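Given chain A's structure and the hints, the job is docking chain B onto it.
From first to last, the protein sequence lines stand for chains A and B. Here the first sequence is numbered in UniProt numbering, starting from 1 and rising by one per residue. Here the second sequence is numbered in UniProt numbering, starting from 1 and rising by one per residue.
To be clear, the hints were calculated from the coordinates, so they are not data collected in a lab. Any given hint could be a false lead.
One copy or two, it doesn't matter: identical chains are merged, so the pair holds either way.
As the list claims (entries may be wrong) - For lysine to aspartate or glutamate, the following DMTMM-like pairs were computed, each having C-alpha atoms within a straight-line distance of at most 25 Å:
| id | residue 1 | residue 2 |
| --- | --- | --- |
| 1 | Lys462 | Asp184 |
| 2 | Lys368 | Asp411 |
| 3 | Lys368 | Glu344 |
| 4 | Lys115 | Glu326 |
| 5 | Lys462 | Asp322 |
| 6 | Lys388 | Glu274 |
| 7 | Lys115 | Asp415 |
Bear in mind that the values here come from a model prediction, so they are computed numbers and not experimental data.
Protein chains: 2
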Amino acid sequence: MPTTPYDPPELEAGTLRIVPLGGLGEVGRNMTVFEYGGKLLVVDCGVLFPEEHQPGVDLILPDFEPLKKRLDDIVGVVLTHGHEDHIGAVPYLLKLKSDIPIIGSGLTLALTEAKLKEHRIKPYSLTVAEGQRENLGPFELEFVAVNHSIPDALAVAIRTPAGLVLATGDFKMDQLPLDGRLTDLRAFSRLGEEGVDLFLVDSTNADVPGFTPLERSIGPVLDQVIGKAPRRVIVASFSSHVHRVQQVLDAAAAHGRRVALLGRSMLRNMTIAEDLGYLHVPEGVLIDYKKARDLPDDQIVYMSTGSQGEPMAVLSRMANLDHAIEPGPGDTVILASSLIPGNENAVYRVIDGLTKLGANVVHKGNAKVHVSGHAAAGELLYCYNILKPKNVLPVHGEYRHLMANARLAQDTGIDPERTILAENGTVIDLKDGGAHVVGQYDLGFVYVDGSTVGEITDADLKDRRILGEEGFISVIVVVDASTGKIISGPEVHARGFAEDDAVFEDVKPKIAAALAEAAKSGVRDQHALSQIVRRTIGRWVNQSLRRRPMIVPLVIEA
Amino acid sequence: MPTTPYDPPELEAGTLRIVPLGGLGEVGRNMTVFEYGGKLLVVDCGVLFPEEHQPGVDLILPDFEPLKKRLDDIVGVVLTHGHEDHIGAVPYLLKLKSDIPIIGSGLTLALTEAKLKEHRIKPYSLTVAEGQRENLGPFELEFVAVNHSIPDALAVAIRTPAGLVLATGDFKMDQLPLDGRLTDLRAFSRLGEEGVDLFLVDSTNADVPGFTPLERSIGPVLDQVIGKAPRRVIVASFSSHVHRVQQVLDAAAAHGRRVALLGRSMLRNMTIAEDLGYLHVPEGVLIDYKKARDLPDDQIVYMSTGSQGEPMAVLSRMANLDHAIEPGPGDTVILASSLIPGNENAVYRVIDGLTKLGANVVHKGNAKVHVSGHAAAGELLYCYNILKPKNVLPVHGEYRHLMANARLAQDTGIDPERTILAENGTVIDLKDGGAHVVGQYDLGFVYVDGSTVGEITDADLKDRRILGEEGFISVIVVVDASTGKIISGPEVHARGFAEDDAVFEDVKPKIAAALAEAAKSGVRDQHALSQIVRRTIGRWVNQSLRRRPMIVPLVIEA
Chain A
1 MPTTPYDPPE LEAGTLRIVP LGGLGEVGRN MTVFEYGGKL LVVDCGVLFP
51 EEHQPGVDLI LPDFEPLKKR LDDIVGVVLT HGHEDHIGAV PYLLKLKSDI
101 PIIGSGLTLA LTEAKLKEHR IKPYSLTVAE GQRENLGPFE LEFVAVNHSI
151 PDALAVAIRT PAGLVLATGD FKMDQLPLDG RLTDLRAFSR LGEEGVDLFL
201 VDSTNADVPG FTPLERSIGP VLDQVIGKAP RRVIVASFSS HVHRVQQVLD
251 AAAAHGRRVA LLGRSMLRNM TIAEDLGYLH VPEGVLIDYK KARDLPDDQI
301 VYMSTGSQGE PMAVLSRMAN LDHAIEPGPG DTVILASSLI PGNENAVYRV
351 IDGLTKLGAN VVHKGNAKVH VSGHAAAGEL LYCYNILKPK NVLPVHGEYR
401 HLMANARLAQ DTGIDPERTI LAENGTVIDL KDGGAHVVGQ YDLGFVYVDG
451 STVGEITDAD LKDRRILGEE GFISVIVVVD ASTGKIISGP EVHARGFAED
501 DAVFEDVKPK IAAALAEAAK SGVRDQHALS QIVRRTIGRW VNQSLRRRPM
551 IVPLVIEA
Chain B
1 MPTTPYDPPE LEAGTLRIVP LGGLGEVGRN MTVFEYGGKL LVVDCGVLFP
51 EEHQPGVDLI LPDFEPLKKR LDDIVGVVLT HGHEDHIGAV PYLLKLKSDI
101 PIIGSGLTLA LTEAKLKEHR IKPYSLTVAE GQRENLGPFE LEFVAVNHSI
151 PDALAVAIRT PAGLVLATGD FKMDQLPLDG RLTDLRAFSR LGEEGVDLFL
201 VDSTNADVPG FTPLERSIGP VLDQVIGKAP RRVIVASFSS HVHRVQQVLD
251 AAAAHGRRVA LLGRSMLRNM TIAEDLGYLH VPEGVLIDYK KARDLPDDQI
301 VYMSTGSQGE PMAVLSRMAN LDHAIEPGPG DTVILASSLI PGNENAVYRV
351 IDGLTKLGAN VVHKGNAKVH VSGHAAAGEL LYCYNILKPK NVLPVHGEYR
401 HLMANARLAQ DTGIDPERTI LAENGTVIDL KDGGAHVVGQ YDLGFVYVDG
451 STVGEITDAD LKDRRILGEE GFISVIVVVD ASTGKIISGP EVHARGFAED
501 DAVFEDVKPK IAAALAEAAK SGVRDQHALS QIVRRTIGRW VNQSLRRRPM
551 IVPLVIEA
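This is chain A alone, in the form it adopts within the complex (with noise of 0.2 Å):
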């Protein structure tokens, strides 16, 4: 039940507008909005993945809506980090207007430049690091380091005459961090003595009770799974998970083993992650897949795409036995990854799949081989006692995250009426310390299918649906226009209904009958006679099957 949209009133002189346009109630597609003297900032412009009542959808991205008329106001895009749900739409933000710039770390402008590159577009981009400062139009803004379960992750702070902001991004707060770059707290310390009026933090974890685990709990894990494992080893991740990478490389390396990475996103990421430093490959570990088979089989480890059972990526094909590497007796499989709600049925038929075939599948289930790249509540609580904002906006989650995060705000001291719980579309100004909400934008999910964005509207879904559960009959009748006698037909055809169109022998005289008594009564009107034909067949396969699948009525006149 989302809120009743109403227009907010015109911006203020002094007033910061905050609009997030994505990543509130949802995972996914995290984009805001900050306006301030007529000049628009964007943090963030990632997509959604669609649900399984969103069949057939690629992608969701962010109602860009309420920017159209304003492109031009656009000083940039910061992108706090290159995971896809904060990077995903800049191509289709950018195919509105080119030249916007966009401002981030060197991994994530690498990361998102490769994917411009994909769409044909040259970004105009400027790198930044923590620490430093960049002004853009009426916005100062000041990057501070973050950790996340991908390198060089940046929260920013938004300084305006409205006041002092700061978005987090996604992070976590992992105190033995892999790369030594913990979430920068002594700039939090730092921004908070200055007074931080609104603070924009990720929710993603925050109903996890305590603590996520270090990263580096892992290596040990993964260093004894591959030391015991008596022949290959092939280990799925995400394929921009640096770290969890740089772990696998590093415990190969110490069983004399080397490593072949597989599928497309997992070359590219690593390529980029190793040429810009953030990646370290032990001397001579990498080897090319097609050398790899070569090897003897206790001395390779593939690493590859697919941890959340994606039918098309590397490891659902090896389960199929689809893909140049065969798994059998004696190899090990690591899914060394989260998994996503919704892609349960899909991982657990690959796991049951490499299991048949003979491997050993080890697991988030059965051992250490995942943390979250998230702060769970014990860690919010740091941030929070830290920073001690004057108001709080919970981003980045379902609406039960973005709640129990509130809710961890409220326990540090902060007035609940400053805790705002707010919706995609909400529009929120800052003055004097204060944050309120004055309006709410109608917006919605933009699809893309193919190369179709923003064509394929809710109706469509509920079309596919409806096909997808039940099919479609067809009903083809040829009528002479002037007499309304049927010339040739009624043809029936169903896809996805029943195995043979013989059932419909009964029902075609059924057809043939209301529509000679229609043309009796004068029905000419094409539709009318549409209407007709639904109806008596509709009538005949809910009563006769219990079925309800779409009628697709073609009278035509010839």
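For chain B alone, coordinates are given in the frame of chain A:
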């Protein structure tokens, strides 16, 4: 990759043949056929619930094919307990021959008979209890009490001259069960001393280390949550979980609350359970739902279905404000159930909806409000050590569960060659203490959709998946039968595809041109013309939109 089917030999005299028809490589539709001396005994006859790649399917039945010509040889169907995955397919078997006797405990038969009544079948039935022995043709049956998440579950020992078989049904070994009815390990010991030749054993939780916690560990949690709840309490669980409902009734009574049951199956099952003495309703605690609404908020508990996020069940409807009871701030909702894989997104949608309405949602993720009904690895080890079976056939589970169970058997010293990893349709012969795979039937999925049984094929489901992901485009052209010239059309209609049929204006001339060309070359065949239409529009949609909808060309001669 199912095993290649091959025919078993004729069944030799003195040999027991075992054929699982369902429940192996899947969680559901449990059913096993035993054959001796020309007679057949069936143990369980359940349904499987469809996954997301089986859209629109209501239920999946075991493939009865091997039984169809031998219905007269069936001496009876033993039902181990009253869950859908053990009794749900009985009506469909009895539709083939309605006088096959069914045998089970009081509660099991009552639930089965209620189901059969909906199908207007009144069965021949025989109620049995633990300790009881019955002869059915050549099969000497002995029933043994087991503990499970429904009362009155039974294991069954089957004696024939070929040896002694023990089938557990579903079970766990709660050592302090609420009703005091333990899994009878004394009986297991006695059978073990007699010598169990083949042990068919529940694998559902074989890959879960340790022991399933006590059902009664939930009571204090429910008591505490209900005791502290400021307003209404809504508890959702499985409609057959008598003990869980019992604990809710007790907690409600302890805190001066009354309980209203919601949902057709909840009402039906609990009425049966109370009538048969399995549910002990504290004096005056139950109240009709309509009267409950007049009570003060802090004196009511609603007990409902819908714990798996089923869209039509009470809980989802409440979350969507589509039910007379509208949850709000201060209300407490308890999901006292497991989260079945594949249902995560649906359940989280319900949790989010309820949270957004202001309710406090207590679930497995944040409180100890559910324990499993199946024996974990530690419990299974006890069974193997007490029974010391000669041969083991793990049943009830995905392949990884069967495999984990076989490994447990091997850990207790059973020869790997005597732990049989079978599939549905595997034919196993038992004689002289030896169990051997001798054949493999080629079995399929039998889909129920509406009143249609077995007519939906895998090809229909593939069509549904394409339709559901991509929609369809139909092209209708009426041509002159003799000249091949277009009389009417092409008309192009699409559903689930794009918002506006105007996108097809581009392609219509291309179709007309392709057909004109074909007519010129003398092509008249309707099928050939249809293929030309399909190719023309298929190429266009793929190249211009990068999509692959189903294409339905209809060339009509007039």
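Hint check:
1. Lys462 - Asp184: Neither way: Lys462 and Asp184 sit 47 Å apart in one copy and 52 Å across, limit 25 Å.
2. Lys368 - Asp411: between (31 Å within a copy, 23 Å between copies)
3. Lys368 - Glu344: both (18 Å within a copy, 22 Å between copies)
4. Lys115 - Glu326: Classified as neither; 31 Å inside a copy, 46 Å across copies.
5. Lys462 - Asp322: between (33 Å within a copy, 19 Å between copies)
6. Lys388 - Glu274: neither (38 Å within a copy, 56 Å between copies)
7. Lys115 - Asp415: neither (42 Å within a copy, 55 Å between copies)
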